[in-house]
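Chemist: Position chain B against the provided structure of chain A, taking the given hints into account.
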Amino acid sequence: MTHTEAAQSPEARPDDAARTPAREWFVRFAFGAGVSALAGIVSELWGPKVGGLFLAFPAILLASLTLVAKDEGAHQAREDARGAALGATGLVGFAVVVATTARQWPVWATLIIATLTWAAISGLAYLLTAFLHRSRRG
Amino acid sequence: MGEAVAEVALKALAGGLLVLAFAAVSKVLKPERFAGVFSAAPSVALGSLAVTLVFTGPKDLAAIGSGMAVGAAAFVAYCLATTPMVRRFGAWKGSAGALLIWAAVAVVGYSVVLS
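First to last, the protein sequences are chains A and B. 1 is the number of the first residue of the first sequence in this note's numbering; add one for each residue after it. 1001 is the number of the first residue of the second sequence in this note's numbering; add one for each residue after it.
Think of the hints as simulated: they come from the structure by calculation, not from any bench. Source: prediction; values computed, not measured. Wrong hints could be hidden among the right ones.
Claimed, not checked - The following label-pair restraints were derived from C-beta to C-beta distances:
# : chain 1 : residue 1 : chain 2 : residue 2 : range
1 : A       : 106       : B       : 1021      : 37 to 43 angstroms
2 : B       : 1093      : A       : 135       : 30 to 36 angstroms
3 : A       : 70        : B       : 1005      : 33 to 39 angstroms
4 : A       : 71        : B       : 1113      : 36 to 42 angstroms
5 : A       : 45        : B       : 1024      : 30 to 36 angstroms
6 : B       : 1024      : A       : 124       : 21 to 27 angstroms
7 : A       : 128       : B       : 1112      : 36 to 42 angstroms
By construction, the Cβ of each residue, glycine as well, lies at the ideal position given by its N, Cα and C atoms.
Isolated chain A (complex conformation) (with noise of 0.2 angstroms):
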């Protein structure tokens, strides 16, 4: 990944998706049930709060990384991992606006403006960090 690859504007391949392996979306499944049951089950043992940290655990980018490693190189696991930096920051703000929120606002609103809120956030993370990018390069 070079900085001009780093500041492109983002784009849709749908061909890339088609091409996926179907080993891959169920590793991608059984990570994703496996930190689910595992937050449900720290839940039930130790209380919403316990389990609440468990809903932010990285084992579905640990998968992530490791196919995108061995499918496209470590350089794009590296660029994997810097885009969820950012994705975390705006998981951060979906946190945050459950946990204000819930006890005032009806559920569905709580968490259709939580996760606009991740979208906002890490959407203009991106755009930041590309636009420095372009900065650097010019």
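Modeler: Then chain B, alone, in the frame of chain A:
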């Protein structure tokens, strides 16, 4: 007991399916850094919260959110640690080893903020 098992099983199913949905979005996006944003999407959280609502209602949501905020801050630390660790140790060992960073930040954050 049976209800708790059913709740955990449904959380696993919902979390797995939402991870697949966000992974599908991630797969079609380029560049890789932008696709990586979706590796930290609230997929597991949305699935688990939806099932929690069905079984116990909204009473635990605020507590779950506060725990998740600490976990997400630890997730940011994990991502920042992973990049150099993947370079040094490779994808599997580097990203698995960085889980210790997540655990350390989560434990300290929980102790300081939530307990």
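Chemist: Does each hint hold? Answer for all of them.
Modeler: These are the hints, each one checked on the structure:
1. 106/A x 1021/B: 37 to 43 angstroms: violated (24 angstroms)
2. 1093/B x 135/A: 30 to 36 angstroms: Given about 35 angstroms between the Cβ atoms, the range holds.
3. 70/A x 1005/B: 33 to 39 angstroms: holds (35 angstroms)
4. 71/A x 1113/B: 36 to 42 angstroms: Taking Cβ atoms as reference, residue 71/A and residue 1113/B lie about 38 angstroms apart, which means the hint holds.
5. 45/A x 1024/B: 30 to 36 angstroms: Because 33 angstroms falls inside the window, the suggested range holds.
6. 1024/B x 124/A: 21 to 27 angstroms: holds (23 angstroms)
7. 128/A x 1112/B: 36 to 42 angstroms: Once the Cβ atoms are compared, 29 angstroms apart, the range 36 to 42 angstroms for residue 1112/B and residue 128/A is violated.
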